Amino acid sequence: MRLRQLALRLLFLAVTVPGICFFSFAIMEMAPGSPEEMLIMQAGIGRDPTAVAELRAKLGLDRPWWERFGLWLAGAARGDLGRSVTTGESVGRMVAKRLPATLELTFTAWLLALAGALPMGALAALRRGGWTDGLLRALALTQVSLPGFVLGLGLLWVFGFWLGWVPVLGGGVLRGLWLPALCLAAAMTGVYSRMVRERFLEVLGQDYILLARAKGLGPWAVLRRHVLKNALIPLTTLWGMSLGYLLGGAVVIEVIFSWPGVGVLAVRAIADRDYPVIQAYVLLVALCFTLINLAVDLGYLFLDPRVRRRGLLRNG
Amino acid sequence: MGLMLLAALAGAWLAPHDPLAMNLGQGFQGPSWSHLLGTDALGRCLLSRLLAGARYSLGLSAAVVAATMSLGAGVGSLAGMAGGKVDMLLARLIDLFLAVPPLVMVLGMIGGLGPSLGNLLLALMLSYWAPYARLARSMVIAGREKEFVEASRIAGSKGLALFRRCLLPQLLPALLVLASLEAGMMVAINSGLSFLGIGVQPPTPEWGVMLYDARLALSSHPWALVPPAAALCMAVLSFNLLGEGLRDALQVRKVSRF
Amino acid sequence: MTARSKEAGRGQTLIEVRGLELSFRRGAAPGPLVLKCVDLALDGQGCTALLGPSGAGKSVLAKAVAGLLPPGAVQVRGEAWVLGRQVIKNGSMMQGPARGAEMLYLPQASSSCLNPTMRVHRQVAEGAALNRGLARSAALKTAEQSLRLMGLSASHLRRYPFQLSGGMRQRVLLAMALAIRPKVLVMDEPTTGLDTVTKGQIVETMKAMALGEGIRGALLITHDVGVALALAHTIVVMEGGRIVEKVDRDSFLLEAVQPLSRRLAAAHLRLRRALETSCSE
Chain A
1 MRLRQLALRL LFLAVTVPGI CFFSFAIMEM APGSPEEMLI MQAGIGRDPT
51 AVAELRAKLG LDRPWWERFG LWLAGAARGD LGRSVTTGES VGRMVAKRLP
101 ATLELTFTAW LLALAGALPM GALAALRRGG WTDGLLRALA LTQVSLPGFV
151 LGLGLLWVFG FWLGWVPVLG GGVLRGLWLP ALCLAAAMTG VYSRMVRERF
201 LEVLGQDYIL LARAKGLGPW AVLRRHVLKN ALIPLTTLWG MSLGYLLGGA
251 VVIEVIFSWP GVGVLAVRAI ADRDYPVIQA YVLLVALCFT LINLAVDLGY
301 LFLDPRVRRR GLLRNG
Chain B
1001 MGLMLLAALA GAWLAPHDPL AMNLGQGFQG PSWSHLLGTD ALGRCLLSRL
1051 LAGARYSLGL SAAVVAATMS LGAGVGSLAG MAGGKVDMLL ARLIDLFLAV
1101 PPLVMVLGMI GGLGPSLGNL LLALMLSYWA PYARLARSMV IAGREKEFVE
1151 ASRIAGSKGL ALFRRCLLPQ LLPALLVLAS LEAGMMVAIN SGLSFLGIGV
1201 QPPTPEWGVM LYDARLALSS HPWALVPPAA ALCMAVLSFN LLGEGLRDAL
1251 QVRKVSRF
Chain C
2001 MTARSKEAGR GQTLIEVRGL ELSFRRGAAP GPLVLKCVDL ALDGQGCTAL
2051 LGPSGAGKSV LAKAVAGLLP PGAVQVRGEA WVLGRQVIKN GSMMQGPARG
2101 AEMLYLPQAS SSCLNPTMRV HRQVAEGAAL NRGLARSAAL KTAEQSLRLM
2151 GLSASHLRRY PFQLSGGMRQ RVLLAMALAI RPKVLVMDEP TTGLDTVTKG
2201 QIVETMKAMA LGEGIRGALL ITHDVGVALA LAHTIVVMEG GRIVEKVDRD
2251 SFLLEAVQPL SRRLAAAHLR LRRALETSCS E
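Chains as they are written, first to last, in our numbering: chain A, 1 to 316; chain B, 1001 to 1258; chain C, 2001 to 2281.
Calculated directly from the structure, the hints in this document are not laboratory data. Just so we're clear, the structure is a prediction, and the values are computed from it rather than from any experiment. Glycine included, each C-beta is placed from N, C-alpha and C at the ideal position. Take the hints with a grain of salt, since some may be wrong.
Pairwise CB distance ranges (calculated) [as the list claims (entries may be wrong)]:
{"no.": "1", "chain 1": "C", "residue 1": "Arg2158", "chain 2": "B", "residue 2": "Leu1121", "range": "55 to 63 angstroms"}
{"no.": "2", "chain 1": "C", "residue 1": "Ala2208", "chain 2": "A", "residue 2": "Gly205", "range": "29 to 37 angstroms"}
{"no.": "3", "chain 1": "A", "residue 1": "Arg127", "chain 2": "C", "residue 2": "Asp2248", "range": "47 to 55 angstroms"}
{"no.": "4", "chain 1": "C", "residue 1": "Gly2200", "chain 2": "A", "residue 2": "Val17", "range": "52 to 60 angstroms"}
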């Protein structure tokens, strides 16, 4: 049973990955003006026809697009993603240098969101109808409504300039990380605490909780043994996926806090029409996201005994 | 609840209609503080820019949401109604688009096409239609099994007419709830992109652009940050409240952004 | 009065309820009365059936006495005692006898009555370990024993609840009771939702479940007259939140006085007659 679902997921992957690759490749194709003009500019050749023709032949621009796609793919598999139009550096190296910082930020934000949402949601559910519940729900709503970057700007001013606690540019892990991570995590926390709360309420209303109490289990034991596992398992897929969404949202936060990550690179590249960099960014981030989703789905397969029996394609 | 959200939404919408005359809002006045909300670094009246910018921040987002909803719902409904091979193909397509973070797609598309208003619209539309499609499809498939649809079919309606009469009324409330929730997100994304310089371009008075301008002078004149930030939050909040209110009012369950 | 003494020997009153009125709170104000002036005494002699239509308040009564209703959500008046200890007094619910070891309430065997992510034998063992102070391995053994006694085959012992049928789930619940050995056992609708064959099997299993195993008395909540007659020696009829009649099993069918009781009895007799005549054809 498990093998079959594994196979299905991998099959899905086999469709998604080429799709992503093609999309990334197509970015260059979309550019107004032929791609060769860009590369010609990069090479600084000017309009000398023979040199242009030479370059065309060398770069394989006179071949049909599917051949070029193949070439690009082959290069990408090798790690060669071309050279930046603006700086001439190897794109692969540029991205590799900055990717860890982005991952650091995203991962921290993800953990923070989890750490925040769980107790918020659980507490709100347990104190349902009380003022704690109302307060927490209002908090969640605020978190959802504040766009991350607005919060970022505000907090940056408060903590960076006014109070001077936080370095305004970059900064190492300990001092510079927590503020951007918090901003990134804020919206997620709002959304998740509500989902946790709903799930908890659902589970708390079930008969087996009544049975557990009837058996004589104290409230903490009931929580630990019966509520937690059942409430949280269905949410794990979403939590995993959100890591990917955070990857995207990190872009703005990186810009605001001058965090040396991949997002800043992408933004500058877009402004400069630096296509190879854009392509690399899209490719890498999308692939990361897909891999994460795969890991999450597989993890879920192992966690929920019910899923092991029936197949559960995410959007089926 | 309903009253509050109505007031909030009205607040967000009422303003732009008011001084339509001050559309340009770019009278290069000296940096005097006799303006209601002050002026920005270049001496432009913030209030006017705010109000004019609402057209872009809100209007654009609304347009995108409308477009994505139609596109997504169309594809989803088609998939659900057609069944068979068509459905399988479309379902995989939907999954594909859901499997990629939409923001990255937008960045990629704008990167390729160049930042302009039209491209922005296109990119957003092509990246964010999937959730609607998934919702539409699952609702259509679930709705098809219901008895009253069967009854209709026996009574003679088929195909498009069947869809319109039986399924669409079921579908609309859920779609609207999703749309209002997404609208809030869209406003934030829109402004975010403009802030980055990828969406609407300066000197167009869009809220994200205003935030960008404000950022440059953050250390010296922090006030310029407040009006667009407040407006943004209000707008997103309003849309969220609207969505929640709609969800409660129309009794839609299980509609969430993910 | 001996009814209230702490040591409840055979024949002593296990549960006593006097003038109980209960309503669920809706927001700040109380809702309509769910239990209206209930007087009940359950003595330690086998099984008493609480019979009545849906919504009569049978489950609510049992849950209230067992201490399973959240105190903030209900408003009560009157008094109740379980095993000599007062559980409801003058508008508040109090900490009564130990849940589980002394009084066990078994809910209906719905699809959500067991933890879906925990194997069945572990859930039974949990009750045993908690209430009889058994170590983990001993508890598991007791659990498996009880489950087998209830008719579950060895392969079913380690299954998850979703892999078991309704009848099997009910057996699990009964096994839990067996493993825990409470002094008072409350069974809420143990046969509802089961097909006829399974129903008969469960009833027989329950009959065989020797009440001497430390279980002093049982309260059976049901709306099925036949089941009540098969298992209980006293039938208490309840309707609309009130106790309507309390009568001996043998007298129920022919001598019951109240209109509801008569209706129930008549319906049961009709059904029985119909079944008998169709069988003899």
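Broken hints, by number
Violated hints: none at all, because every hint is consistent with the structure.
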